[in-house]
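Trainee: These are the residues of each chain, in order.
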Amino acid sequence: MPSLRIRAGDLPLRLFGLAVLAFLLLPTLIMVPVSFDSVHFIRFPPRDFSLRWYREYLADPEWMAATVFSLQIAALTMLAATVLGTMTAVALERGRLPGREAIRALLLAPLLVPHVVVAIAVYLQFTPIGLTGTTTGFVLIHTALAIPYVVLVVSASLARLDPTLDRAAMNLGASPTRAFFAVTLPLIRPGIFAAAVFAFLSSFDETVVAFFISGDRHKTLTRKMFEDIDMNLSPIIAAASTVIVVVTIALMWLGRSAAAQVSK
Amino acid sequence: MSPLPTEAATRGVAVAIEDVSKHFGPVRAVDGVTLSVRAGEFLSLVGPSGSGKTTLLMMIAGFDEPTGGRFVVGGRDITHVPPHKRDIGMVFQKYALFPHLTAAQNIAFPLRMRGVSRAERDRRARLALDMVKLPDHADRFPAQLSGGQQQRVALARALVFDPQVILMDEPLGALDKKLRQQMQLEIKELQQRLGATVIFVTHDQEEALTMSDRVAVMSEGRVEQVGSPRALYEGPDSVFVADFLGNMNFFRGRLDHATGEGCRISVGGIGMAAQPAAGAVAQPGSPVQVAVRPERLMVSREEAGTAGIPGRIRQQVFNGASLTVVIDIADGTTVQAAADARSAVAELRPGDRVAVGWSAVDAHVFADGLP
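Chain order of the listed sequences is A and B.
Using our numbering, the first residue of the first sequence is number 1, and each one after it goes up by one.
Using our numbering, the first residue of the second sequence is number 1001, and each one after it goes up by one.
By construction, these hints were calculated from the structure, which means they are not laboratory data.
We put the beta carbon where it would ideally sit given N, CA and C, even for glycine.
In the DMTMM-like style, the derived pairs of lysine to aspartate or glutamate whose C-alpha atoms are separated by at most 25 angstroms in a straight line are:
| id | chain 1 | residue 1 | chain 2 | residue 2 |
| --- | --- | --- | --- | --- |
| 1 | B | Lys1094 | A | Asp166 |
| 2 | B | Lys1094 | A | Asp162 |
| 3 | B | Lys1085 | A | Asp166 |
| 4 | B | Lys1094 | B | Asp1139 |
| 5 | B | Lys1085 | A | Asp162 |
Here are the simulated distance ranges between beta carbons:
| id | chain 1 | residue 1 | chain 2 | residue 2 | range |
| --- | --- | --- | --- | --- | --- |
| 6 | B | Asn1319 | A | Pro176 | 44 to 54 angstroms |
| 7 | B | Asp1139 | A | Pro98 | 38 to 48 angstroms |
| 8 | B | Ala1360 | A | Pro176 | 55 to 65 angstroms |
| 9 | B | Ser1117 | A | Leu185 | 17 to 27 angstroms |
| 10 | A | Ala109 | B | Asp1139 | 45 to 55 angstroms |
| 11 | B | Asp1139 | A | Gly130 | 55 to 65 angstroms |
| 12 | B | Arg1028 | A | Arg100 | 23 to 33 angstroms |
| 13 | A | Thr135 | B | Asp1139 | 45 to 55 angstroms |
| 14 | A | Pro176 | B | Gln1315 | 53 to 63 angstroms |
Quick partial rundown of chain B residues pointing at chain A, CB under 7 angstroms, derived from the structure:
| id | residue |
| --- | --- |
| 15 | Ala1061 |
| 16 | Phe1063 |
| 17 | His1084 |
| 18 | Met1090 |
| 19 | Phe1098 |
| 20 | His1100 |
| 21 | Pro1110 |
| 22 | Met1113 |
If we strip away everything but chain A, and leave its shape as in the complex, we get (with noise of 0.2 angstroms):
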């Protein structure tokens, strides 16, 4: 009998499968070997190898500032949303809410709405109490888009973990604060790393309500890039997005190998 499985090796299948990869990963990875190129404006392909833009790059104060500051941002929304969207993933999942789809279908909202809607909402009510440009003021409305990510990933969690275990925990004498500690946090903990991953990529990447709520002195990596390309496109931006590159994909595959151990 024939069957309708598709097999691996067919050879066109193959090929197809390789183009859809180039397409994907191509644009991005040509901005590495023209971050080594020596002269100063973007060819490819390049044709010598210098370290020159990663000099000028960590040389150049106001890139360095961008940097730090994208990465504080990014660290201190990790924080900020991880807390929060466990807190509300466990109250979702395990608590007796009213509503409970209602508010899963708003806390998610953020992950619909066009992001340029949330920024030119978030810019017009930062803008006259101060917020625009300052660290408070990213973290907040970097949180509430980061908090659909982590609510997702550790209610995926939550949904995998046997609820009895909790009750077993009570049974013999956890309270309900005890038992969470003792039990459930542990069994999601590789979740919850994930969506702290998750959490500061977001923000890190995070480029269209940036570019409207950053400061003269407050800017963040990828704003600083945007403004880079209208002023002089230099083989600066390559190094800076090569930067972002090897950090996303480092914190992937730190995010992805704590996955991988929930499946355990």
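Given chain A, put chain B in place with the hints provided.
Mentor: Showing chain B alone in chain A's frame:
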């Protein structure tokens, strides 16, 4: 005999379930249940699914609040005490072992929650592992244990902190038959050695009969009958209990004459004797059901002058220890009789005409409320 991890020789206390109900809107999951469990007693709650036995158990553990009534454990009203302050051990259906803790850490968990020192925790966890015959498995994680071993760890964890009562929610349901029978005997033996009060939920009536001091049969949120396994098996109060526990044959008939000592009935025109009718059986002439266990049914080849209800052998099934014959009665009812495989019944062949009878003490009469 392995030492006990518990400090007290007997800690089981009495449990009083007083008029407890759990209503979900119009649904009465548990409907006015009153039961008293003696200290050190093994009581089983049995019933079909949806009879309320698990809901009742969850309320005793504190995971669910009753809508009426109260629970008194060892003289203390625990109806509104949160689960972690109840001092009640529980073995869950799927064990609910903590997957991130080893067997020993799982067992030490309730001691840790009670602030017992590490050295003392280790000592008692080791004793508990000895008690359930897993001394070499202390450092294994639940995923590295077989179903039967997980069951033993769960048991040790529920016993190690000397709870006042131990609840078990179908703890053997996931085990294969042979292991289940072995665990039944081990749990029973442990319970007796510890003098523990156990409330055991199962849908397996055979398990309940094997293990319990007393059995409470539940149906539709109510307790139908409570008694020793033997009393229930030999003296069911209702058709439901008669049918639920063990195998039972039902004959349709008519009440001829009833007294306090016994009654006369007729089945298909044949007069027979039986126990006094249970419950409120009506007037002579009213329809009744007569319940007789297969092993109490007497079957003989029909010859001239044989007393009994006439029937015809439909099938004969050999099942090792005994032999089952399936018999069609004249009115269309089918009954089964269990007999020794070497008895005369073994000579009967499908199609043979037989007469079916019983001793009066083995026949229970109930009003026939069914259409």
